[in-house]
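Chemist: Chain order of the listed sequences is G and B.
Counting in this note's numbering, the first sequence runs from 134 upward without gaps.
Counting in this note's numbering, the second sequence runs from 6 upward without gaps.
In case anyone wonders, no lab produced these hints; they're calculated from the structure.
One thing to keep in mind: the hints can contain errors.
To be verified - List time: in silico SDA-like cross-link candidates among lysine to any residue, alpha-carbon distance up to 25 Å: (1) K405(G) with P81(B); (2) K300(G) with S379(G); (3) K170(G) with K45(B); (4) K524(G) with N449(G); (5) K170(G) with Y380(G); (6) K9(B) with S161(G); (7) K170(G) with Y211(G); (8) K381(G) with Y96(B); (9) K45(B) with L373(G).
All of these numbers come straight from a predicted model, not from anything done at the bench.
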Amino acid sequence: MYRYDEFDHKIVTDRVNQFRGQINRRISGELSEDAFKPLRLMNGVYLQLHAYMLRVAIPYGTVSSKQMRMLAHIARKYDRGYGHFTTRQNIQYNWPALNRIPDLLEELASVEMHAIQTSGNCIRNVTADQYAGAIADEIEDPRIISEIIRQWSTFHPEFSYLPRKFKIAVTGHKNDRAAIKLHDIGIVIVRNDRGETGYEVHVGGGQGRSPFIAKKLTNFVPAEKLLAYLEAVMRVYNMLGRRDNSYKARIKILVHETGETEMRRLVDEEFKRIDTSQMLSLPEAELSRISAYFAPPNYETLPAQSKAFEAAKGSNAEFNHWVKTNLVPHKTPGYGIVNISLKPIGGIPGDATDVQMDVIADLAQRYALDEVRVTHEQNLVLPHVKLDEAKEVYDILFAHDLATPNIGLISDSIACPGLDYCNLANARSIPLAQEISTHFADLDKQYDIGELKIKISGCINACGHHHVGHIGILGVDKKGTEFYQISLGGSGDEQASLGDITGQAFTEDKVVDAVDTIVETYLNLRQPEERFLETYRRVGMSPFKEQLYAD
Amino acid sequence: MLTKTHLISNGAFIDDTWVLLDDETPLGDTPAIISMDRLKAEADALRSRNAKLGVVIRTNTLGKTKLGEDVRELTPYLDMLSTIAIDFPVYRNGRGYSDARILREEMGFEGELRAIGEVLFDQWSFMARCGFNSFEIDASIPVETFKEALSELSEAYQPAVDNQRGVLWRRHGL
Chain G
134 MYRYDEFDHK IVTDRVNQFR GQINRRISGE LSEDAFKPLR LMNGVYLQLH AYMLRVAIPY
194 GTVSSKQMRM LAHIARKYDR GYGHFTTRQN IQYNWPALNR IPDLLEELAS VEMHAIQTSG
254 NCIRNVTADQ YAGAIADEIE DPRIISEIIR QWSTFHPEFS YLPRKFKIAV TGHKNDRAAI
314 KLHDIGIVIV RNDRGETGYE VHVGGGQGRS PFIAKKLTNF VPAEKLLAYL EAVMRVYNML
374 GRRDNSYKAR IKILVHETGE TEMRRLVDEE FKRIDTSQML SLPEAELSRI SAYFAPPNYE
434 TLPAQSKAFE AAKGSNAEFN HWVKTNLVPH KTPGYGIVNI SLKPIGGIPG DATDVQMDVI
494 ADLAQRYALD EVRVTHEQNL VLPHVKLDEA KEVYDILFAH DLATPNIGLI SDSIACPGLD
554 YCNLANARSI PLAQEISTHF ADLDKQYDIG ELKIKISGCI NACGHHHVGH IGILGVDKKG
614 TEFYQISLGG SGDEQASLGD ITGQAFTEDK VVDAVDTIVE TYLNLRQPEE RFLETYRRVG
674 MSPFKEQLYA D
Chain B
6 MLTKTHLISN GAFIDDTWVL LDDETPLGDT PAIISMDRLK AEADALRSRN AKLGVVIRTN
66 TLGKTKLGED VRELTPYLDM LSTIAIDFPV YRNGRGYSDA RILREEMGFE GELRAIGEVL
126 FDQWSFMARC GFNSFEIDAS IPVETFKEAL SELSEAYQPA VDNQRGVLWR RHGL
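This is chain G alone, in the form it adopts within the complex (with noise of 0.2 Å):
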């Protein structure tokens, strides 16, 4: 993992100190609420429906287990007791009072967190695939260039304030688990003829009012000059992006107006100009030092079969359950990739308490050499646990209702946190979500529907992806009622497309029968092996369509 220098250090505190001052001319009244509000926004403060909210970066989703005490720390000591894991690889505290705000954010320098630039129309917090390092056929580990993206973007003084806000995903394999093409910029990391490293960039996907998939600009940038390329795609959005309109602002709006090939000149017109004087060509020992910190850690040689493990599956069936949905292959014989879900049946898709995410740091430090990811799908990873260990971290996870068995099923839905937090939504997202998991509770059901993802967003901005969602739900607001419209086909990973909408939207109380109806259709028309996705690919939406509206 990456650790600060003292150039990063000095960084984050000089941050802590000047957001201390604008605090307190917020609180004597110097500064206007208007104008404290694009500086707390940069520091990760909202204010929310019922209190200000603390965003937390947690760059490309890795945490120590240091780190992940402290999150619990504050969960008790500034909020209740409780965080809430983001799409974005973050956690927010929903409670904190404004005026301790400093001393929360000097606690978390302490451990090297921040939550700069997790808010406002700047250059977010960088997100990456949640396997980075452990899994198989990675062609580089994508934290790697996600460190680099995190300290170039960090407090850059040409796009703090940009038209609108701007995402960057980065993934470093084949599978795309960072949804890279519904980000501003998605990195691709590949590997051209010559056996050279580099990187693909996809500009302009976004989700919200309009969405869009990204589109390729370039198949290949060189290490030392992907800062380049990426200030002359931030350079161009800066200059000719719209700011007439907010929801015409994102950069996804001007690749659209624009058009592609249009777009991928203007792009390497500046990317000419700016790399000329070489002043932003990568050192190639900065890229060895941040390397360095990615290194794989020391993993012990184990048989690829361990024999604990293997009758642990034979004697309990629970456990078998939980290995067959929640661990994956590692890329290192004798271990797995541990899959933390935070969507227990009726939970709150995200949440964790103060005492799950001390648990957590535990069997971090005890079995996972340090290390815990966030998905982007709000669950969590211990991404290098022994086999022979697995059913001791299980056991463990199960005493705190961290090891139910649903990843990727009906039941891990993701959800925005929609009417019941958010000042923006339309419709409440937890309750349904709840509500769904509740119908689908029983595992066997589950395990037959197989791979489903479900994703809520309250509100047309998408925070709950709902247009990547094999079945997306997206709260509408239709005279004081609240309406969910849904959609089918949508997909986040490689092969990204955007859901198709069913038709009239559901009251509340039909939501869950629509679902229901909709996974019975499917069952009802798979072929053998075929997955929810793949059966709406070949039937398209009529059956559908005729099952949900038939009377």
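Use these hints to put chain B onto chain G, whose structure you have.
Modeler: For chain B alone, coordinates are given in the frame of chain G:
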């Protein structure tokens, strides 16, 4: 908009000898800042004028999408200009930061680069990093406050106009 402003140039208050002229007022023999349209229209006559000349770049004024003027169009006139003022119609509109870097780094402009409009405490240091060396700010703000704002963040990761080598480079003595 701010009602009364004063000018900080290279870290100290100075008397502003410049006047910002509209397109109709005749140019006198004193330093004057004019619009880009006027500069283009009257360039030949302006070349023989015997006083300093400046231009103001307006953001957020033109056309349906209100992008603003393109600083690269100043290239043929750059040698005539002692000052370029860049307007920030609201602090949230950060297009002027790119204008400034393009003028300094790509076009090699070495004269006064002045930030006007909504130019607030928390934007000054970023503006300075992008190449502004003069700031029209609220008259009630003391110069110490300005200097404090510029020193709040002591390190920067990325290169910009003020510092060609960010932390990513300086770690290696580059």
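Chemist: Checking each numbered hint in turn, tell me which of them this model violates, lowest number first.
Modeler: 3
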